[in-house]
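**Q** Here is how the chains run, residue by residue.
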Amino acid sequence: MIGIVVDIVSWVLILTGSAFAIIGGVGMIRLPDFYTRMHGAGITDTLGAGLILAGLAVQAGFTLATVKLLLILVFLLYTSPTSSYALANSAYTGGLQPWLGKKEDGSSKSS
Amino acid sequence: MAAVLHAISLGLVLFATWLLLSGFFEPLLITFGVATCVIVVWIARRMDLVDHEGHPIHLGPRIFVYWLWLIGEIVKSNIDVAKRIIDPRLPIKPTLFWTKASQQSELGQVIYANSITLTPGTISVRVADGSVLVHALSAESAAGIAQGDMDRRVSALKCGGPD
Amino acid sequence: MFVAATLAILITMALALTRALLGPTIYDRVLAVNAFGTKTVLLIAVLGFLTGRPDFLDISLVYALINFIGTIAVLKFLKFGDLGTPGSENSEADD
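Chains as they are written, first to last, in the numbering used here: chain R, 1 to 111; chain G, 1001 to 1163; chain H, 2001 to 2095.
Derived from the structure by calculation, the hints contain no laboratory data.
Errors might be hidden in some of the hints.
So the derived label-pair ranges between C-beta atoms look like this [unchecked claim]:
| id | chain 1 | residue 1 | chain 2 | residue 2 | range |
| --- | --- | --- | --- | --- | --- |
| 1 | G | Ala1003 | H | Arg2029 | 41 to 47 Å |
| 2 | G | Glu1106 | R | Ile4 | 49 to 55 Å |
| 3 | G | Trp1042 | H | Phe2077 | 28 to 34 Å |
Simulated coverage check for chain R against chain G, where a stretch passes if three residues somewhere in it have a Cβ under 8 Å from a Cβ of chain G [said to hold, decoys possible]:
| id | segment |
| --- | --- |
| 4 | 23–29 |
| 5 | 58–72 |
Using 30 Å as the maximum straight-line C-alpha spacing, the simulated DSS-like pairs for lysine-lysine come out as follows [to be verified]:
| id | chain 1 | residue 1 | chain 2 | residue 2 |
| --- | --- | --- | --- | --- |
| 6 | G | Lys1083 | G | Lys1093 |
| 7 | G | Lys1076 | G | Lys1093 |
| 8 | G | Lys1100 | G | Lys1083 |
| 9 | G | Lys1076 | G | Lys1100 |
| 10 | H | Lys2079 | G | Lys1083 |
| 11 | H | Lys2076 | G | Lys1100 |
Where is the CB? At the ideal position from N, CA and C, for every residue including glycine.
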């Protein structure tokens, strides 16, 4: 009985996570410019990875494997914003201008 | 005194991580593990990394409350951004704007900028002079940052004075 | 169930690889490779469960850290053209 509940919970978590991962990948293809594509990659990095790892942790139960899965998630959540910031910052200082819709306005404060 | 406290706390965290990752509990191997942790703490102190920025124990339990709130925000904005991506009309309106980071310390500003990046729909592009340059995917997510709820919550963590 | 997750991750990796090939800027490629690396971490973890060998989690853990360092190293190389440059805060504010 408990086994079925555990299976269903981890099924739902893993499948939702997979769906979010694919949506993020689609976003990386569909969105129009570099800065908006970063939002797509952000989806796969946070909720996609989080839900898949949570589903695996539910499947593993209270073992060392669960601790390792949580550590992987913590490392991902610490490193992904740092590398995203480094990437966005180097693109910005490298002079890549964001696509801001149809109209042309320099809404960015010059630095 | 504070430096010793930081070093001891770092050593304990390292040893807990070592135990959980290795799964060894024999006396000889545990001795090796303790020796490794001591060496790592010594190297980290030589590199001047063991301070309130590298190992912020002074945040205490407040940071966990903040993390719970942040996870809720991440889930909400993830669903919003995912809807925008799979919508055939692609209803996005990217904006780039400066917002104020009212945190006193650099650590607080780092936590704020990383929280902005972790929440899909907003990315911090640059941090300078107490403000953050934010790229937002839609007008709604831009308004969510400009409204300043996250800024207040990070400030309430009291990450220490200016440094 | 693990097969479904593996397939979904592989599809996402293919999408990221497409973006890496399409470009157009170098930053798009770095972003795509970074996302590809994150998906590799997940793929290794799921494969460990699929084949019933949880030891794979250690590899996945190490890969998560190496992927981060790799991205930072590529970005630093892009910026300075050299990995040995001590990147101070001033050099970032100047350009």
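**Q** What are the numbers of the hints that this structure violates, sorted from low to high?
**A** Those not satisfied come down to hint 10.
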